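Participant: These protein sequences, in sequence, are chains Y and V. For the first sequence, the working numbering gives the first residue as 1, with consecutive numbering after it. For the second sequence, the working numbering gives the first residue as 1001, with consecutive numbering after it.
To be clear, the hints were calculated from the coordinates, so they are not data collected in a lab. Here the structure is a predicted model, which is why all the values come from computation and not from measurement. The beta carbon of each residue, even a glycine, is placed where N, CA and C say it ideally should be. Certain hints may be false.
As the list claims (entries may be wrong) - Residues from chain V that face chain Y, not an exhaustive set, calculated with beta carbons under 8 Å:
{"id": "1", "residue": "K1105"}
{"id": "2", "residue": "Y1157"}
{"id": "3", "residue": "Y1261"}
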Amino acid sequence: MKKLLALMLALVMVFALAGPTAFADDEITLDVIICQYGPNTNDWFLGTGMDGTNFVAKFEAENPGIKLNLEVISWNDVHQVVDTRIANNNAPDILNIDTFSEFVPDGLLMPVKDYCPEELFGDFFPAFIAESVIDDTVWAVPDLASARALFYNVDILDEVGVDVPTTWAELEDVSQAILDFYDGEIYPWGIDMTTDEGQACFAYYAWGNGGGFTDENGDWALNSPENVEAVKFAVGLVEKGYTNPNPATQTRYDLQDMFAAGKLAMVIVPNQLPTYVADKGGEINMATAGIPAAEGKTSSSVGVMDRVMAFKDDSAPDQAARNEAIGKFLEFFYRPENYVGWVSMEGFLPAVNSAVEALVEADPSFEAWLDVLATCQFYPAAKAEWAQVRQGVTTVEQEALIGGDVQAGLDALQAAVTG
Amino acid sequence: MTVNAIQGKRKWEPYIWLLPSIVLIAIFVVFPILIVFKLSFSEISQGGVVGGFIGFQNYTEAVRLPAFKTVMLNTLWWVLSVVGLSTVLGFIVALVLNQKFRGRKIARSILVFPWATSLVIQASVWNYIIKYEYGSLNNVLLNLGIINQAINWRSSYTVEFIWECGVGIFVTVPFVAFCVLSGLQSIDGSLYEAATVDGAGFWDKLWNITLPLVRPSLTVSTVLNIIYVFNSFPIVYTMTKGAPAHKTDTMITYLYMLSFYERKKGPATALSVIGFLILCVCAGVYMMGVMRKEEEQ
Chain Y
1 MKKLLALMLA
11 LVMVFALAGP
21 TAFADDEITL
31 DVIICQYGPN
41 TNDWFLGTGM
51 DGTNFVAKFE
61 AENPGIKLNL
71 EVISWNDVHQ
81 VVDTRIANNN
91 APDILNIDTF
101 SEFVPDGLLM
111 PVKDYCPEEL
121 FGDFFPAFIA
131 ESVIDDTVWA
141 VPDLASARAL
151 FYNVDILDEV
161 GVDVPTTWAE
171 LEDVSQAILD
181 FYDGEIYPWG
191 IDMTTDEGQA
201 CFAYYAWGNG
211 GGFTDENGDW
221 ALNSPENVEA
231 VKFAVGLVEK
241 GYTNPNPATQ
251 TRYDLQDMFA
261 AGKLAMVIVP
271 NQLPTYVADK
281 GGEINMATAG
291 IPAAEGKTSS
301 SVGVMDRVMA
311 FKDDSAPDQA
321 ARNEAIGKFL
331 EFFYRPENYV
341 GWVSMEGFLP
351 AVNSAVEALV
361 EADPSFEAWL
371 DVLATCQFYP
381 AAKAEWAQVR
391 QGVTTVEQEA
401 LIGGDVQAGL
411 DALQAAVTG
Chain V
1001 MTVNAIQGKR
1011 KWEPYIWLLP
1021 SIVLIAIFVV
1031 FPILIVFKLS
1041 FSEISQGGVV
1051 GGFIGFQNYT
1061 EAVRLPAFKT
1071 VMLNTLWWVL
1081 SVVGLSTVLG
1091 FIVALVLNQK
1101 FRGRKIARSI
1111 LVFPWATSLV
1121 IQASVWNYII
1131 KYEYGSLNNV
1141 LLNLGIINQA
1151 INWRSSYTVE
1161 FIWECGVGIF
1171 VTVPFVAFCV
1181 LSGLQSIDGS
1191 LYEAATVDGA
1201 GFWDKLWNIT
1211 LPLVRPSLTV
1221 STVLNIIYVF
1231 NSFPIVYTMT
1241 KGAPAHKTDT
1251 MITYLYMLSF
1261 YERKKGPATA
1271 LSVIGFLILC
1281 VCAGVYMMGV
1291 MRKEEEQ
């Protein structure tokens, strides 16, 4: 009797293991990793946040031969999870993340043209697609974007009797006026040089001084005189007492909280700030303006874009069917009735033309941001050294905050990434 | 069955009982350690793909990193201060909790809280407490009239690192206290009575009775704490992420930043092996020292 039971148990285990392949060999399962953009992401993809149902259920109902094994992973963990899976030869089929260039040299990604339907590809903003090109090949498509601009507390500036600054000199004058008027009770300017956002801070000031991460040929130009001057100016704002006191550890969210509480007069943050302030219960009379630039230099908006990419899987029995399934996933995701809900849910900006009209109709304030987005500069994320540069410029800023030499720091970083 | 056959069978019995633990340790401890050793001698791409053998290249790159020296010194201070001070404070707390007083059970229960709460939550709560703008510490001091204006409790990276060590001590003291308390409760009360009759004072009894008899408990808690504190990640990562410029990083947070922020996975793996070896040596030397002393006694 015991032997019979053991045999039955063994058979059950064998069938349980063999099940997915033995009985569903014509079905394709796509492993999908999505980053958690906010509290609603998980609910939209896996819960009931999409008209009472979710993305996975709707997609599978429309595509009976394709199953989605979709995980929503927090930004804190996603790089660790992806790296571990790659190291174990178990990369996801579809990945939503910020950077892509680190996967290209190892030949891990598929070119977008292999799986993205042509009509959909033509729908992406060309300027966005251009940010995901290495060696004339498009390796990822944008999933959404955000644009950064200067937000200011209208009431504070009115009370002090100053206009919103457009140049660095005006920024210092306005900051001094706010500091004097409120006797230091209100921070005039928010600055974030934390480990997660130092590269954004570098971009705000370097681009506003005619510098930047790269030169006109696209080569690294981190130690240019403009960049050195920009970092020194930013650190000077801290030293003069115009900013929040601990820029190396006070994150963008700390600044947004201060702004929502009326403790901070001006700050450069993404376009979602009004939603954030409303969620916090703040009632701030706020407006936006261009990021102040050095005298005679052009103000530049900073755009941040995330991407969707597909990994190769040589073990897939039918590559064409797999590519087609990935294409169907993208087509379904970017379909206006789905995509508009996704983008507007967390207050982001779209990456496809077909969503613009519906988004502006739903929220007219989007239109102004779409104009800002059109003039944005993006991080050079297509360059293989981007991860090192991102952390490198942050370290230089943080060193400068404690008395480090900006020129020496940027020289060393330039040598490290080009040597 | 002969006696010899039974004895032969018995000889294997302990190993059979130990087998499940040995298998689990081999799979979840030994195997990953061997993998990390292998990785540290391999080329690892930014994307995480493991290449061929490259000798000690990852190690030389790791020790030449600009932040290496700062991080090693920070780690030394971090382990010494957290383990050392929490051992002293935990010992004192245990002595107090071993006395009979009203509310002792409640006091013992409360002591568990810092230890039982997640380290990320602890670090986040302390972040809020010492926040300059809306922190509870400033609020309390202002409301009590002790200070006239808010104090920036994070005015320099040295101060931030001291706060991190402070939080580390706060969450480690309960563990030491309970380890020592278990040792204290096993001491026969008649020893103290005899010492009192012989005219011994508080310090004599502490030095000659209490300390020698709780030494095994202290050894266990110290060795475990050296390992836990050295490998502790959440407090530093939550409070500063090593900022500014790795000045508050310890080895564990630094190798995480190196691996997942800068994508220098090879040197990060080499650092983790270096950390493992340091830990083995420190814990081993401490254990041998204590055991030798016990044998001498």
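Participant: Identify every previously stated hint that the structure contradicts and give their numbers, smallest first.
Facilitator: Hint 1 contradicted; others consistent.
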